[in-house]
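Add chain B to chain A, keeping to what the hints say.
Order-wise, the sequence lines are chains A and B. So for the first sequence, numbering that gives the first Met the number 0 puts the first residue at 0; every next one is plus one. So for the second sequence, numbering that gives the first Met the number 0 puts the first residue at 0; every next one is plus one.
Do not rely on the hints blindly, as some may be mistaken.
As the list claims (entries may be wrong) - Facing chain B, a subset of chain A residues (Cβ under 7 Å, in silico):
1. L10
2. P21
3. D32
4. K48
What the hints contain is simulated information worked out from the structure, not anything from laboratory work. By construction, the Cβ of each residue, glycine as well, lies at the ideal position given by its N, Cα and C atoms.
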Amino acid sequence: MTHEPHLDVLLNETKNNPPPLPSNDLVARVLADAAAQSRAQITAITPKKPGLLARILAPIGGFGGAAALGACTAIGLLVGTSYADTTLSIPVFDDIVAVFSNSIDTTTPFETLSLLMAES
Amino acid sequence: MDAVLDTGFDDSDAALMALYASGDQSAARALTARHLPRVFAHASRLLQDHGEAEDVAQEAMLKLWKIAPTWRADEAKLSTWLYRVTANACTDRLRKRRTVALEAAPEQVDDSLGAEASLIERDEQHALHEAISGLPDRQRDALHLRHFEELSNPEIASVLETSVEAVESLLGRARRGLAAKLAHMPGRGRNKKVNKGARL
Numbered sequence: 000m001t002h003e004p005h006l007d008v009l010l011n012e013t014k015n016n017p018p019p020l021p022s023n024d025l026v027a028r029v030l031a032d033a034a035a036q037s038r039a040q041i042t043a044i045t046p047k048k049p050g051l052l053a054r055i056l057a058p059i060g061g062f063g064g065a066a067a068l069g070a071c072t073a074i075g076l077l078v079g080t081s082y083a084d085t086t087l088s089i090p091v092f093d094d095i096v097a098v099f100s101n102s103i104d105t106t107t108p109f110e111t112l113s114l115l116m117a118e119s
Numbered sequence: 000m001d002a003v004l005d006t007g008f009d010d011s012d013a014a015l016m017a018l019y020a021s022g023d024q025s026a027a028r029a030l031t032a033r034h035l036p037r038v039f040a041h042a043s044r045l046l047q048d049h050g051e052a053e054d055v056a057q058e059a060m061l062k063l064w065k066i067a068p069t070w071r072a073d074e075a076k077l078s079t080w081l082y083r084v085t086a087n088a089c090t091d092r093l094r095k096r097r098t099v100a101l102e103a104a105p106e107q108v109d110d111s112l113g114a115e116a117s118l119i120e121r122d123e124q125h126a127l128h129e130a131i132s133g134l135p136d137r138q139r140d141a142l143h144l145r146h147f148e149e150l151s152n153p154e155i156a157s158v159l160e161t162s163v164e165a166v167e168s169l170l171g172r173a174r175r176g177l178a179a180k181l182a183h184m185p186g187r188g189r190n191k192k193v194n195k196g197a198r199l
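Bound conformation, chain A alone (with noise of 0.2 Å):
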């Protein structure tokens, strides 16, 4: 390296002299986008809160259980209305429901079903 005396008392006279100090507004500033970066990066991987129906649905399996459900109510509805002609309750026994069918053949499965719903 070249040696220039008068270079380096020049630069050593700039390097001497005291480099500013950032002032408080640029700290502040500097924070904020601290702050502000740090909000965003937090909002991108942070999950959507679920809605209501969600949350509502949630305990029953979700919007899966759910759709299992109403299959297994439509099922049941057309088994009922298919099969059972008459569906009778008898006060005096709440939980006792006698079904009577008119359908010649009495030992299909939904029948033998129909049978044991009404004594249970």
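Only chain B this time, still in chain A's reference frame:
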């Protein structure tokens, strides 16, 4: 500034970056206290403009906040990375300045003798900064990092993403270029400065 940022943290930069990335604002304060003064001083010396230096320092720190979640300590030293970001931002601004011709404000001259010495000193400092600003970008950056930030040649090589030999070459050319520019400046007695150097 110390009162604002006195956090008592002595964690490594990487640990602070991880803490900040997890939402800890006290880590941001610690990082600011540790790095903002150097970033700002570096930008001030390169740009010689307080307002622009503040803008560059804020931009550099914003880039730091943005990179925090993906920061990998094994890839770079935080201070080196910040010097690089700051130097690049300053280079962009200095290039813009060169393309925009601005008329310098007329200097006010004080006739008193005491003011004359101060004026000469200020004038010399101004001339030096002008000469440094006129150097090619990489020579200027290398010179600043070596003489003002007092980084070692390997550290400068890391900031400038080059070899130590290339840094030595850059510094040599920068000093020769600077000496030539200052020698050609009118009204500057070289002998006076050499004598001043001998006094020191």
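Can you give the numbers of the hints that this structure goes against, from lowest to highest? Structure breaks hint 4 only.
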